[in-house]
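Visitor: Sequence:
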Amino acid sequence: MKKHVKRLVKKYIKKTAVVAMIVTVSVLFTAGESSFRALTVEAAPTYEDLDKARQEKNELENKKNELEGNIDDLKGEQKSLKGELSKLNTQLTEISTNLEKLEGQIADKEKEITDTQAVLAKAKETEQQQYADMVWRVRKMYERNDQSNLNAVVNSLFDESGFAEALNTADNYEKVAKYDKLKLDEFKENRQLIEEHEALLQQEKVELDNLKLEAETQKNKVSGLVSATSNSINKYANEISEAEKEALAYEEKIKAQEDVIKKIAEELAMSEAAANGEWRDISEIEFAEGDRYLLANLIYCEAGGEPYEGQLAVGAVVINRVLSEKFPGTVVGVIYQNRQFSPVASGRLELALASNKATPSCYRAADEAMAGVTNVGKCLFFRTPIDGLEGIRIGGHVFY
1 MKKHVKRLVK KYIKKTAVVA MIVTVSVLFT AGESSFRALT VEAAPTYEDL DKARQEKNEL
61 ENKKNELEGN IDDLKGEQKS LKGELSKLNT QLTEISTNLE KLEGQIADKE KEITDTQAVL
121 AKAKETEQQQ YADMVWRVRK MYERNDQSNL NAVVNSLFDE SGFAEALNTA DNYEKVAKYD
181 KLKLDEFKEN RQLIEEHEAL LQQEKVELDN LKLEAETQKN KVSGLVSATS NSINKYANEI
241 SEAEKEALAY EEKIKAQEDV IKKIAEELAM SEAAANGEWR DISEIEFAEG DRYLLANLIY
301 CEAGGEPYEG QLAVGAVVIN RVLSEKFPGT VVGVIYQNRQ FSPVASGRLE LALASNKATP
361 SCYRAADEAM AGVTNVGKCL FFRTPIDGLE GIRIGGHVFY
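The opening position of the sequence shown corresponds to residue 1 in my numbering, with each subsequent residue numbered one higher.
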């Protein structure tokens with residue numbers, strides 16, 4: 001019964017197409033009896049999948065190019081703002097310099113006003129003192145000389161020399177009075193000139209204060225523009241940085257998609273070559289003594305945590321390669337072929353072999369695969385799923 005089922009399975013496989021097949025084969029051997037369980041087999045990778053992957057790559061490149069165009073625009077705006085910021089900083093420097101100059105002029109003007117006010121105060125004091133002295137002299141002069149002057153006038157009527165002396169005294173009084181009046185007028189005129197000069201200085205200070213206020217207003221305005229422009233430049237810098245990160249992410253996606261395209265293309269070519277090439281019959285294969293042990297431990301490394309169907313599928317892929325002329329014709333040659341099975345490269349297989357990690361289900365899968373049982377048709381590859389790659393999905397692997 002067991003041999004009869006094997007012949008039926010091999011006959012079915014030979015008549016099944018490699019691409020776009022649905023197979024309902026899963027053979028379970030227990031105690032010399034056999035039964036069938038259905039498995040859905042999806043299409044293996046095709047050139048449509050390859051075209052789809054290339055189209056996705058083109059879409060990514062278009063998005064990346066569009067994003068790079070936006071980055072160029074952002075950098076252009078940023079450059080323009082930097083030029084504007086340079087002009088504003090130059091303008092701000094000029095305004096600040098002018099403001100410092102005005103502040104210096106105002107300080108000088110305030111000192112000049114203070115000095116002038118001191119001179120004015122001194123002039124007023126001198127004028128008041130001159131007036132007080134003049135009043136005092138006149139009062140004393142008249143208090144002291146009223147009677148003598150009267151006697152001089154009376155005597156002068158009878159004495160020619162006395163009359164001349166009286167006239168001389170009156171003339172002296174008049175000269176003193178004229179001198180005092182002249183000096184008082186000079187002091188008044190000087191005070192008026194100082195007051196006019198002070199008023200002029202005060203007016204000039206007001207004008208300087210207005211210029212300072214105008215300069216400060218302009219400085220605040222330009223400072224605001226500088227701050228706003230700097231913030232805009234920083235905003236553009238952040239947007240450029242984010243866009244560049246996004247562009248880098250697109251580059252990584254494009255590279256990953258290129259790897260997918262390359263992988264699909266290579267494996268499609270290999271699958272087609274194998275499909276169109278010669279296949280050995282399972283009866284032609286002579287398994288070595290350690291093949292079962294080796295295959296079971298590889299199944300453990302690749303699919304130890306997968307359901308039994310996944311373990312059988314891994315074993316079937318190994319035996320399919322043994323049967324294909326495109327691969328080595330022995331289990332050892334297939335498993336240790338360069339860069340084909342990651343547990344070999346990583347050393348996990350050697351560790352598993354050293355302590356025989358393979359479980360009973362792994363040995364069972366190895367036995368069925370070596371008997372020619374396959375639940376993945378003539379698939380020659382398997383891996384974790386990736387975009388653009390379709391095939392037979394069993395557990396965490398896609399077989400194609």
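Among these hints, one or two may not hold up.
Cut-off 20 Å, straight-line C-alpha distance, at most; resulting in silico cross-link-like pairs (PhoX-like, lysine-lysine) [stated by the list, open to error]:
no. : residue 1 : residue 2
1   : LYS57     : LYS262
2   : LYS87     : LYS262
3   : LYS124    : LYS75
4   : LYS57     : LYS235
5   : LYS122    : LYS111
6   : LYS219    : LYS87
7   : LYS52     : LYS253
8   : LYS253    : LYS63
9   : LYS75     : LYS57
Estimated spans, in silico, between C-beta atoms of each pair [what the hints assert, rightly or not]:
no. : residue 1 : residue 2 : range
10  : ARG280    : PRO385    : 25 to 35 Å
11  : ALA354    : GLU278    : 49 to 59 Å
12  : LYS245    : GLU289    : 54 to 64 Å
13  : ASN238    : GLU258    : 45 to 55 Å
14  : ASN210    : SER230    : 25 to 35 Å
15  : GLU100    : LYS245    : 11 to 21 Å
If you are wondering where the hints come from, they were derived from the structure by calculation, not from laboratory data. Even glycine gets a Cβ: it sits at the ideal position worked out from N, Cα and C.
Visitor: Hints first: check each against the structure and report whether it holds.
Guide: Hints versus structure:
no., hint, result
1, LYS57 with LYS262, "holds, 12 Å"
2, LYS87 with LYS262, "violated, 53 Å"
3, LYS124 with LYS75, "violated, 71 Å"
4, LYS57 with LYS235, "violated, 31 Å"
5, LYS122 with LYS111, "holds, 16 Å"
6, LYS219 with LYS87, "holds, 14 Å"
7, LYS52 with LYS253, "holds, 15 Å"
8, LYS253 with LYS63, "holds, 11 Å"
9, LYS75 with LYS57, "violated, 26 Å"
10, ARG280 with PRO385: 25 to 35 Å, "holds, 30 Å"
11, ALA354 with GLU278: 49 to 59 Å, "violated, 37 Å"
12, LYS245 with GLU289: 54 to 64 Å, "holds, 57 Å"
13, ASN238 with GLU258: 45 to 55 Å, "violated, 30 Å"
14, ASN210 with SER230: 25 to 35 Å, "holds, 30 Å"
15, GLU100 with LYS245: 11 to 21 Å, "violated, 45 Å"
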